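Chemist: Turn these sequences into a full structure, and let the hints guide you.
These protein sequence lines map, in sequence, to chains A and B.
Read in order, the letters of the first sequence correspond to residues 7 to 239 in the numbering used here.
Read in order, the letters of the second sequence correspond to residues 7 to 239 in the numbering used here.
Hints listed in this document are in silico derivations from the structure and should not be mistaken for laboratory results.
This one's a predicted model, so the numbers in the text were calculated from it and none came from an experiment.
Identical chains share a label here; the pair holds if one copy fits it or two copies do between them.
Pairs of lysine-lysine residues, derived as DSS-like cross-links and limited to a Cα-Cα distance of at most 27 Å, are as follows:
#1 K80 <-> K120
#2 K200 <-> K146
#3 K80 <-> K70
#4 K80 <-> K200
#5 K200 <-> K120
Each chain, written out:
Protein chains: 2
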Amino acid sequence: MKKKSSSSVARVKQKRLSPEDRRQEFVRKATEFFSEEGFNGGTRELARRLGVTQPLLYRYFPSKEELVKEVYRKVYLEPLDTGWEKLLTNRSRPIRERLLQFYDAYTNVIFTRKWLRIYLFSGLKGLDINRWYVGVVRDKILTRIIKECRFEFGLPTQAKPTASEIEMAWVFHGGVFYYGVRRYIYEMPDIQDKEEMIANAIDGYLAGFARASAKDAKRPAAKSNRLNAAAAR
Amino acid sequence: MKKKSSSSVARVKQKRLSPEDRRQEFVRKATEFFSEEGFNGGTRELARRLGVTQPLLYRYFPSKEELVKEVYRKVYLEPLDTGWEKLLTNRSRPIRERLLQFYDAYTNVIFTRKWLRIYLFSGLKGLDINRWYVGVVRDKILTRIIKECRFEFGLPTQAKPTASEIEMAWVFHGGVFYYGVRRYIYEMPDIQDKEEMIANAIDGYLAGFARASAKDAKRPAAKSNRLNAAAAR
DNA sequence: TTTTTATTTTATCAACCGATAAATAACGCC
DNA sequence: GGCGTTATTTATCGGTTGATAAAATAAAAA
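Modeler: Listed below in structure tokens is the structure:
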């Protein structure tokens, strides 16, 4: 064992962080820990990886649950404050380019083992923050994509997205998402480059969107609005 | 409390099952339990839901882990012995119809809260049986779909699926899968009928497949075989 | 250096976990 | 019915969990 390193000799680092910085360091490392072990991981093992003793955690967090909540908050808010919303609405560029750039940026944030695992763990718990996040994806991302696609294909953009449109966007988005799961959670070998996969997925989605629009143009809007009716009651 | 009901009076049910049947009943109920609580659920709570005491479990299973393994086996093998393979290869019917019927049948099996949750729980654990299952989906289902699509579009069917083809099929399949997650795990409201979603997803996939085939026909096979090269080393 | 304050550790608690042994209850058979 | 066998329960073990109080240490202030 080393000596105590009390004042001057051999003191290389470890200045002593501000309480808030130290707290954030704990949250950061706890995120890594819980992403691997799940939220049933013990506080003793977590403390060991932090290089401290277990009761110290309770100086910075009133309970394990509070620490876990802070991990959630950090993980779920991380992908949302990257200002990608303008990226989708820039109509000076074709929709395909915008989608390519957006999904490249978005997946650069969420396609990590850490993020995906915490997302799935909390999803299995049925947490409110998970439902909130999924709602944000639908209302901010998918709804925007649908509107921009309509514009690209010369369709009216005011009306709310139909159930079919949302569901098709979800299938596309979920398909892309599932690539991350296969790669970073299942760790499947021999997987295609992310960029190629995204390009293929986008082309497939746009082809499907064009096809569906053409079909809907023949017989006007009906049937696919079962959802709005249900939501209006 | 009731009386003991030893021989004849007021005996309505509860005949006493054979050891194997009782064991299977335990496995069945344990599947429900672990699907909700996760595999960290306690044996005492499980026994309570079974209406028995906790040590009794150890008469039927040597350890909790063995019980859990049997739950895995049952859940993972369930969707595979439904003989849907012939369904995909019946070339007297158009591929769209076959895909519709297959995915209707397949999702009828896996789109339950129970199945999806156990699948995700075990996936997060990185279990071998999970990786095995994902490999089966790729090699038996997706590869077959690709081959049948090639046939439908008048392309040669012998060559192994390219990386792009597999990845596109995965995005499609994962998109459908993610519908189940949204519905039965996230429990999102106002969701489209499963059949409509599947039909839309299939049409989108086929449109994308046609588009990709047309593009590949211009410049011959190259680039998209990076995977085979990687697998051959 | 001495005093004060903030940080970290040691020791410990009650509750819960998976698992085992021994005692009891229920059944099938004669 | 009584007897032997199987199924089930009661009681209990050692280990681990999240959490608390008090002692000890390190840093900062004087």
